[in-house]
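Colleague: Chains as they are written, first to last, in this note's numbering: chain A, 69 to 178; chain B, 32 to 146.
Do not rely on the hints blindly, as some may be mistaken.
[Unchecked claim] The calculated lysine to any residue pairs, modelled on SDA-like cross-linking and capped at a C-alpha distance of 25 Å, are:
| hint | chain 1 | residue 1 | chain 2 | residue 2 |
| --- | --- | --- | --- | --- |
| 1 | B | Lys42 | A | Ile154 |
| 2 | B | Lys109 | A | Gln164 |
| 3 | B | Lys88 | A | Gln164 |
Worth flagging that the hints you see were computed from the coordinates, not collected in a lab. As the structure is a prediction and not an experimental result, all values here were calculated from the model.
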Amino acid sequence: GQQLNQSPQSMFIQEGEDVSMNCTSSSIFNTWLWYKQDPGEGPVLLIALYKAGELTSNGRLTAQFGITRKDSFLNISASIPSDVGIYFCAGNNYGQNFVFGPGTRLSVLP
Amino acid sequence: GAGVSQSPRYKVAKRGQDVALRCDPISGHVSLFWYQQALGQGPEFLTYFQNEAQLDKSGLPSDRFFAERPEGSVSTLKIQRTQQEDSAVYLCASSPFGSTDYGYTFGSGTRLTVV
Chain A
69 GQQLNQSPQS MFIQEGEDVS MNCTSSSIFN TWLWYKQDPG EGPVLLIALY KAGELTSNGR
129 LTAQFGITRK DSFLNISASI PSDVGIYFCA GNNYGQNFVF GPGTRLSVLP
Chain B
32 GAGVSQSPRY KVAKRGQDVA LRCDPISGHV SLFWYQQALG QGPEFLTYFQ NEAQLDKSGL
92 PSDRFFAERP EGSVSTLKIQ RTQQEDSAVY LCASSPFGST DYGYTFGSGT RLTVV
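Extracted from the complex, chain A is given alone in its bound form (with noise of 0.2 Å):
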């Protein structure tokens, strides 16, 4: 079946920088989304892009549609504490369920 993968799995940051993490699929898709996840919460949706090379922002967060559909990429600005988390990517094909990828987990440092 699809899989996605996502790097870094981790990473530590000072608070201030700038964070990129990126995922990479097998296949091609027609929508990803970009989710947060808190320790013991649901995943929270935070940007979703519809078209290859589409480039969505949300406040400090900016996503992109890979142009070949088999990737997305998400930026985060000057990294505040509240960004830790885990944060997943997910694709689809239409009418077809979200694959979800492992996640990126996002340590900032004070």
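Dock chain B against the given chain A, drawing on the hints supplied.
Modeller: Below, chain B alone, put in the same frame as chain A:
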């Protein structure tokens, strides 16, 4: 309520016991999804409802797993004769769209531990 509500938040079951997990989606949401999240992993799809119709149950791991949404609102995921490998967080999500193609809102999940 304003969000997706799941109950119970935590469930401990003895191996072999049957369990029922409840999901109250956002009012009026057409689509409802169940996902299973093992420790340290991303959510994995179990099943999808559009109103009361179960359109996709391809992710249910065995015939011990059964889900229903009889009136197109509340949904119940039932696991019969629980096994240790069933231990996971079970996430419910809903969407106002009658389609799987848009992002959806998750509940906080039910953490099931089988001992």
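Colleague: None of the hints should be skipped; say for each whether it holds.
Modeller: Verification of the hints:
1. Our distance criterion of 25 Å between C-alpha atoms is met by B/Lys42 and A/Ile154, whose separation comes to about 24 Å.
2. For the given pair, B/Lys109 sits about 23 Å from A/Gln164 by alpha-carbon distance, which is consistent with the 25 Å threshold.
3. At roughly 12 Å between alpha-carbon atoms, B/Lys88 and A/Gln164 fall within 25 Å of each other, so this suggested pair holds.
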